[in-house]
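Taken in sequence, the protein lines are chains A and B.
Okay, so the first sequence: first residue is 18 according to the numbering used here, each after it adds one.
Okay, so the second sequence: first residue is 184 according to the numbering used here, each after it adds one.
I should point out that these hints are in silico values taken from the structure, not numbers from a laboratory.
On a predicted model such as this, the values are computed, not experimentally measured, just so you know.
Be aware that a few hints might be false.
Derived, one-sided and incomplete: chain B residues facing chain A with beta-carbon distance under 7 Å [unchecked claim]:
no., residue
1, 261
2, 264
3, 265
4, 271
5, 275
6, 283
7, 289
8, 355
Yeah, the Cβ is synthetic: ideal placement off N, Cα and C, and Gly gets one too.
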Amino acid sequence: MLGFLSELGQRMIARVWRLGAGAHLFFLTIIYSGESFRRFHLTLREIYFTGVMSLLIIIVSAFFVGMVLALQGYNTLQKYGSSEAIGVLVALALVRELGPVVTALLFAGRAGTAITAEIGLMKTTEQLSAMEMMAVNPIARVVAPRFWAGVIAMPILAALFSMVGVLGGYLVAVPLIGVDDGAFWSQMQANVDFRDDIVNGVIKSLVFGVACTMIALFEGFDAPPTAEGVSHATTRTVVISSLTVLGLDFVLTSFMLVV
Amino acid sequence: MTSNIVEIDNVSFGYKGRLLHKGINMAFPRGKVIAIMGGSGSGKTTLLRLIGGQLKPSKGEVRVDGAIVHQQNREGIYQLRRKMGLLFQHGALFTDLSVYDNVAFPMRELTDLSESMIRDLVLMKLNAVGLRGAHSLMPTELSGGMARRVALARAVALDPDIIMYDEPFAGLDPISMGVICDLIRSLNDALGATSIIVSHDVKETFLIADYVYFVANGEVAAEGTPHDLMQSTLPFVHQFVHGEKDGPVPFHYPAQNYRSELFG
Numbered sequence: 018m019l020g021f022l023s024e025l026g027q028r029m030i031a032r033v034w035r036l037g038a039g040a041h042l043f044f045l046t047i048i049y050s051g052e053s054f055r056r057f058h059l060t061l062r063e064i065y066f067t068g069v070m071s072l073l074i075i076i077v078s079a080f081f082v083g084m085v086l087a088l089q090g091y092n093t094l095q096k097y098g099s100s101e102a103i104g105v106l107v108a109l110a111l112v113r114e115l116g117p118v119v120t121a122l123l124f125a126g127r128a129g130t131a132i133t134a135e136i137g138l139m140k141t142t143e144q145l146s147a148m149e150m151m152a153v154n155p156i157a158r159v160v161a162p163r164f165w166a167g168v169i170a171m172p173i174l175a176a177l178f179s180m181v182g183v184l185g186g187y188l189v190a191v192p193l194i195g196v197d198d199g200a201f202w203s204q205m206q207a208n209v210d211f212r213d214d215i216v217n218g219v220i221k222s223l224v225f226g227v228a229c230t231m232i233a234l235f236e237g238f239d240a241p242p243t244a245e246g247v248s249h250a251t252t253r254t255v256v257i258s259s260l261t262v263l264g265l266d267f268v269l270t271s272f273m274l275v276v
Numbered sequence: 184m185t186s187n188i189v190e191i192d193n194v195s196f197g198y199k200g201r202l203l204h205k206g207i208n209m210a211f212p213r214g215k216v217i218a219i220m221g222g223s224g225s226g227k228t229t230l231l232r233l234i235g236g237q238l239k240p241s242k243g244e245v246r247v248d249g250a251i252v253h254q255q256n257r258e259g260i261y262q263l264r265r266k267m268g269l270l271f272q273h274g275a276l277f278t279d280l281s282v283y284d285n286v287a288f289p290m291r292e293l294t295d296l297s298e299s300m301i302r303d304l305v306l307m308k309l310n311a312v313g314l315r316g317a318h319s320l321m322p323t324e325l326s327g328g329m330a331r332r333v334a335l336a337r338a339v340a341l342d343p344d345i346i347m348y349d350e351p352f353a354g355l356d357p358i359s360m361g362v363i364c365d366l367i368r369s370l371n372d373a374l375g376a377t378s379i380i381v382s383h384d385v386k387e388t389f390l391i392a393d394y395v396y397f398v399a400n401g402e403v404a405a406e407g408t409p410h411d412l413m414q415s416t417l418p419f420v421h422q423f424v425h426g427e428k429d430g431p432v433p434f435h436y437p438a439q440n441y442r443s444e445l446f447g
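Okay, chain B solo, but in the shape it has when bound (with noise of 0.2 Å):
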């Protein structure tokens, strides 16, 4: 069993031609809380779609558990899927289905357990997440700190090696937030598992991460320990951690020259 849950290795992926990703490589030891960070586009939800095989690499590797995830059969796919937990950045419940069931969800289609064992489970979840008294409510009664918060007693339903947050803090009030911040360390600790977070909110995600990678023109452009990147001088994090709005990220879109587009 190696060290590291999840490796990257010199992964290049692109889109219709553009290249998102050119060789990157990064590496997530068990047990560990790890961001990958970077702006809007920069290609970290795809990193965690590679991870979990919805995605096939151009070159490279990604290794889960040791398996090359892109050179598994369906049924492999589907064995290393049931090791990792997901959190959509907007939930993604099932509309049909109660806040109860669809914790119950991934139990039931899973597992041979009893209705009554998956009750207790699904008691539990919904208990850890503070959520037990609303398992009756249908996820269009729900706020969105709470659906996220369903979404991630659904993600850890079935004790995942590997749980991993797409943004999982964008677009919650201040108090969501910090429930959201505190639950993912807190089952990370108590479920013995490997967290993965993609965002861009550098105070929330620095708070619980033991360790961070930046993305930026398909590369990782830094990585470290939250308090290595508050004091980087690299010109991409400073501007990055500190939200400045002059750096080497533009604030425009690349555009033909201003006064000639007005003037003719």
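Chain A with its partners taken away, still in its complex shape (with noise of 0.2 Å):
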């Protein structure tokens, strides 16, 4: 029994100590932010490696998930007589909740795994100690710049999952099912919301952006000097982004249907 208190002791210290290095890292990255602006060019290519790279993936993946959600929501709306709905419903579920969730999703499992898996070659092949060695500050040239391309790029890719979230669902419920066209455009124009709906949408999308970016380069950072550390940290990219981008997706959402 106190062999397993104090275990379970010894494991809650560490996840707490690496709570508080994944802050510092954090606070750093910010402070040491001004070089990734002021060679924004270092920032661009960061942008093209996680943005562009990832947009396959976000398309097709949009394109599935509107003709899908098309599909399900004409077959429980039809049921009450209100299929002309279904574009308010696949607008409002992709730019409240499946755009920022799934794009974030995806980024983690596309551009941190990447990310991760880079940081932690070029620490565990002494490239990040070479730049520190040369009085290059490895925070302001590797760490900054990649941080804020996902800052920037997600919001944007999160944009776009649902612009071709909601064409999917165009395709499916006008020329298949045969939903009015009229209907499905002005019923969606009527009733998704600039403020409510599609600003707190890029809201999420930043603060994903922040969380999955983070995770991703302290999980690089941090990893062992190895190939099975490398491989670790891979890994738990992916699952703590997941886990924190649906529960951040919870808390945000009671935030923002109380304010």
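The two chains are supplied separately, each in an independent frame; assemble them into the complex guided by the hints.
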């Protein structure tokens, strides 16, 4: 029993320590962010790797998610004679929830793991130490540009996800099922609010961008410099990012519904 | 200005309760090639990290150009590091940058030189290590010896006062080893720098070093010129220099009795 409690305590201490180390890295990243904006080409390069290279998976997923939403939505709405509301259902589901959340989950799986593996390997092959020894701050040169690239890319990817999802929903609802074209778009236009729906969705994706990118960067930076260490760090990036996104989504949604 | 550019004064350092260095003293005079030798795990690379300010000693002090390294703030340490170049054991080249960009990296990051000036300097540095023709290659396209030479060109990119080499000969074929050996000596003399070599390759190190420190059991076990050490009768130095199996350095890692472990 004592051994179990001792191990539990040690694990808790390790978790709290990692949380503190993550927060420390976050503050250092903010402090040393000047370089990312002064030499914006460094950040642009990372936007290409994290954002542009994630476009394919985001667009294809969004298309299918939109189509499934339309199918499922129509199946339920037609029972109540509200099949014209299919456009609103697809749009609200995407803009408020699925756009930011699914984009963040896909981002963590695609770009987050790439960031963790890249930084972990840079640490393993002493590239970060080499930078330090050249009097170049790796947080300013490596971490901060990737952080801002993730924060900038995430809302853009989430917006694209929502747009492509709506297009997928439209293709299923209108040409395939036969819902009225005008009703689909006009209902959507009338019921999607810019402040309550779109801005809140953008806020969510910004928060998810900060969380997912920071987790990926920290896991890479904190990875033990071995093949196994980098492999575990990459797995942790996906698991922790996914759980954090889902948890944060609940918290943010609660606040947004109350305020 | 003191005659020693680096001084290690009564330095103790350890990891997780195990003391790696127990009051080590060393001096590195300007313009010389000084070697630190010793067996694997004797803390040679750790000494380089202490000089570079990547680690802090638990006791004593390391002085670089008169400044106590571990008392500097981040900016102070970076100022000191601008006087240093470090060749890592495996090169530590940036794998996403070409050979040219690797050598240009410290110039772009730490100076305001124009791209045309950087180009000329990079080509000069690469020419000095014999790899001007390989400037467009990526690190994955280089052999171990070539990667080490590119890393050397990068380490001397800003003409540092101190050049540190971490196991520069490890894993190289005899030709590459001879090339690196010549380069270390000629770059040191051409740049007027001080070179610190961490190595356990006796033949190559003795060929170019002016003075050698032997580290064992956390202390300086012996020191002197290569000639003195070749003649040394100290059991540890004799065993190390002549690569003998029997001597004070045991072949076996400490373990329980062989017979009792096999037969219970």
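Next on the checklist: Of the numbered hints stated earlier in the document, which are not met by this structure?
Outcome noted: 6, 8
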